[in-house]
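Next come the chains, spelled out residue by residue.
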Amino acid sequence: MKPRSKKPWRFSHFQRRVLKAVIHLIATGYLVALFYLGVNDQLGPDPVDALLNETGIWAIHLLFVTLLLSPLAKRLPSPEPIKFRRMLGIYVFVYAIAHFFTYAFFELQLDWHLLTSELVKRPYIVVGMVALILLMALTVTSLSVLRRKMGKQWQRLHYSIYAILPLALLHFSWSQKTFWQAPIFYWLIGLIIMRGRITRTAAKTVKRLKAYQ
Amino acid sequence: MPKPFKPSVRLTDNDVTDESLYFNRRKLLKSMGFVGASTLLGSPVKASGWLWGDDDEDNTVTPSPLSYSQPKQYQIDETKTPEEKVTSYNNFYEFGTGKDDPVKNAGGFNPDPWTLRIDGLVETPTTLDLDALLTQFPLEERIYRLRCVEAWSMVVPWVGFELAKLIQRAKPLASAKYVAFETLYDPEQMPGQKNRFIGGGINYPYVEGLRLDEAMHPLTLMSVGLYGKTLPPQNGAPIRLVVPWKYGFKSIKSIVRIRLTDKMPPTTWNRLAANEYGFYANVNPQVSHPRWSQASERRITTGGLLSRNRVPTQLFNGYSEVALLFKDMNLTRYY
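If you read the protein sequences in the order shown, they are chains A and B.
The first sequence lines up with residues 1 to 213 when you count with our numbering.
The second sequence lines up with residues 1001 to 1335 when you count with our numbering.
Quick caveat, the hints were computed from the structure, so don't treat them as lab data.
Zero decoy hints are in this set.
For lysine-lysine, the following DSS-like pairs were computed, each having C-alpha atoms within a straight-line distance of at most 27 Å:
#1 Lys1104(B) to Lys177(A)
#2 Lys1229(B) to Lys1099(B)
#3 Lys83(A) to Lys20(A)
#4 Lys207(A) to Lys74(A)
#5 Lys1194(B) to Lys1104(B)
#6 Lys1104(B) to Lys1085(B)
#7 Lys1194(B) to Lys177(A)
#8 Lys177(A) to Lys121(A)
#9 Lys74(A) to Lys152(A)
#10 Lys177(A) to Lys1099(B)
#11 Lys74(A) to Lys7(A)
#12 Lys177(A) to Lys1085(B)
Some, not all, of what chain A presents toward chain B, calculated at C-beta under 8 Å:
#13 Gly38
#14 Val39
#15 Asn40
#16 Asp41
#17 Asp46
#18 Pro47
#19 Val48
#20 Leu51
#21 Phe106
#22 Asp111
#23 Arg122
#24 Tyr124
#25 Thr178
#26 Trp180
#27 Gln181
Here a beta-carbon is modelled for each residue, glycine too, at the ideal position from N, C-alpha and C.
Given these sequences and hints, build the entire structure.
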């Protein structure tokens, strides 16, 4: 390992608190603003459509940011990004559940029969639901008490974030009517973010396979 | 001896950014729709009521008032979709795949001069210019329900004339069985035709088709206006088809050519995904789209999220008089 030329960069306690407060303000503020404008028919011609799009797309944006934190921590190097990971990860879930609520309450308008039949019949909705359930599991187990109790299991469960990414992107791609649309770029960005982890895992697998021979 | 210079990064011709890409990089970024954190603050403002259609592009075409009659049987009493919603929530991939793209990108579209040609299996091939289209046929207002294949709907007061009158003028031959329609192909005016990331990768020009008896049905309208004025570009200026008992994608916009043929013509969405979009595309609550149910629809009028606007979808969008056209047809098979 290379010797470190300088001390890892850190926030003061105060700076961290301020930054977290700002993130809370923006993330919840935006969601509240969307619903407020939507209820008052200020969200474009079809507020339901606008709300579905915004909550979905921002769940993915936040997921990207969350997945960027650990490579960023290594690159800096600094332990700071990791301190924001749980918070941002939970916001991914908050936006995803807002997306689902919009679908159930405002798109299908609580037509339970339709909701249940769509949930099982339509593959792209099933894919989205699986991602949402996984996100819920991660959110629930993000409590420090549970994390300690779960020990090794916790890490294994939280690796499912790597399944959530392709599931969410597949759900996005599948919801479009043609191929050449925004989701292609999201897959590209996803791949770029995951590049380091993919090559490292591949290298490890190759090494393990060689060891067996 | 001095060492020869060795660049630390070796680049070959393969690494050179293609010139067209380089010059279009901003457009490309824009079309990606992923604009990072700036959208966080930008989109609620853009999406909200205060700043609709504000963009830097100035509308060069302003809709002008039309004169028309209002036949009683076509003045239905369902709540109309407000004009600003009809003209700002459009599927017109030639101007972008987002619902708000057409209103933003079609402002500079110029439908004048225009020619519409009717040919193929007709006795007298005919070409009509914009003035002829607006004046040679008596115009009437018809309030139709518009059901999109995406399970939303609107109620729109169109102004136009029956397609039958146009076809009759060209005198169809007995051998004609189908009518093929074609949208303008003009990549300079229609950015979606120039760039597949804007236009969704559809094969342009957009084409549609009807059986001749469907085309001759009195409900089938050639629309030149809505809400009493000429069509704005995003709604298909200067002339478009309106077939109220079929999903909206059948109602092709900005038509330049109508051709009568004896074979079923190809249609754009059917070519793109034949399992999802058929030639007939009759509104039918029993036949779902593979990815969603068509049993009900959300009617876009006024009111925000809390308005209960989901209504049951009706067979043939409620225009039961067309059922005769399909009486011996398996509607599940020929969707």
